[in-house]
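S.K.: Chain residues, written in single-letter form:
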Amino acid sequence: QKEVEQDPGPLSVPEGAIVSLNCTYSNSAFQYFMWYRQYSRKGPELLMYTYSSGNKEDGRFTAQVDKSSKYISLFIRDSQPSDSATYLCAMSPNTGNQFYFGTGTSLTVIP
Amino acid sequence: KAGVTQTPRYLIKTRGQQVTLSCSPISGHRSVSWYQQTPGQGLQFLFEYFSETQRNKGNFPGRFSGRQFSNSRSEMNVSTLELGDSALYLCASSFTNFNTGELFFGEGSRLTVL
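As they're listed, the protein sequences go chains Z and F.
FYI, the numbering for the first sequence is 1 to 111, going by our numbering.
FYI, the numbering for the second sequence is 1 to 114, going by our numbering.
Because the hints were derived from the structure by calculation, they are not lab data.
Treat each hint with caution, since some may be false.
[What the hints assert, rightly or not] Okay, derived cross-link-like pairs now, DSS-like style, lysine-lysine, Cα gap no bigger than 27 Å in a straight line:
#1 Lys57/F / Lys67/Z
#2 Lys57/F / Lys42/Z
#3 Lys56/Z / Lys42/Z
#4 Lys42/Z / Lys13/F
#5 Lys56/Z / Lys2/Z
#6 Lys56/Z / Lys67/Z
#7 Lys70/Z / Lys13/F
#8 Lys57/F / Lys2/Z
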């Protein structure tokens with residue numbers, strides 16, 4: 001069993017929809033949680049970074065962490081065609097830079 | 001400010017050969033991490049270097065090795081290539097080896113092993 005599980009999709013939504021992306025994990029030591037976005041033929045780029053449980057909002061993006069359920073989510077409001085990309089969750093148990101990534105969810109936002 | 005530069009971008013090798021990939025981090029960044037990305041496994045951590053020292057190593061065989069130079073540039077080497085080594089190899093840099101959540105990734109080196 002992988003330490004981080006992520007539904008690969010693909011996910012296709014109309015422009016303006018609310019998108020929900022999720023990951024589950026098995027290692028209770030994970031404390032740092034991140035969401036990265038990867039466009040085709042590009043490297044991943046950081047979207048959201050949270051520590052421990054709770055919510056964090058940044059513009060149209062909201063990240064939620066539920067450590068009791070070992071479940072994290074990313075919500076995208078008013079989705080735009082430019083949001084079409086692969087979204088990767090990542091997490092870490094400590095203050096080092098060794099991250100554990102999900103396999104990514106492919107999202108397409110249709111104009 | 002220039003981003004993370006990886007060379008070569010694409011390469012094809014045959015089984016048994018070895019390959020060296022190069023990564024130039026963002027200026028001022030001292031931490032360089034390497035990840036292997038495949039469709040089935042996603043991104044998997046290979047190793048991290050900070051100030052020329054390997055700080056962390058993932059669960060990969062000894063055929064995978066790396067190093068970092070005094071200017072923070074890094075190389076990774078894969079010896080005795082296997083078909084399963086075909087992947088996108090991503091390098092990421094960070095100012096510090098302390099987790100800020102933000103790794104700056106290059107566009108990767110896509111290795112195909114025939």
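S.K.: If you draw a straight line from the CA of Lys56/Z to the CA of Lys2/Z, is it 27 Å or shorter?
M.R.: 26 Å, holds
S.K.: Would the pair Lys42/Z and Lys13/F pass a check requiring their Cα atoms to be no farther apart than 27 Å?
M.R.: It holds: about 22 Å lies between the C-alpha atoms, which stays within 27 Å.
S.K.: Going straight from one Cα to the other, do Lys56/Z and Lys67/Z come out at no more than 27 Å?
M.R.: 14 Å, holds
S.K.: Lys70/Z and Lys13/F were given as a pair; does the straight-line alpha-carbon distance stay at or below 27 Å?
M.R.: 41 Å, violated
S.K.: Given the hinted pair Lys57/F and Lys42/Z, is their alpha-carbon gap at most 27 Å?
M.R.: 24 Å, holds
S.K.: Check whether the Cα positions of Lys57/F and Lys2/Z lie no farther apart than 27 Å.
M.R.: Satisfied, since the Cα-Cα distance of roughly 18 Å is no more than 27 Å.
S.K.: Next pair to validate is Lys56/Z with Lys42/Z; report whether the Cα-Cα distance is within 27 Å.
M.R.: 26 Å, holds
S.K.: Would the hint linking Lys57/F and Lys67/Z be met if the CA-CA limit is 27 Å?
M.R.: 26 Å, holds
Against the hints set out earlier in the document, a violation occurs for number 7 only.
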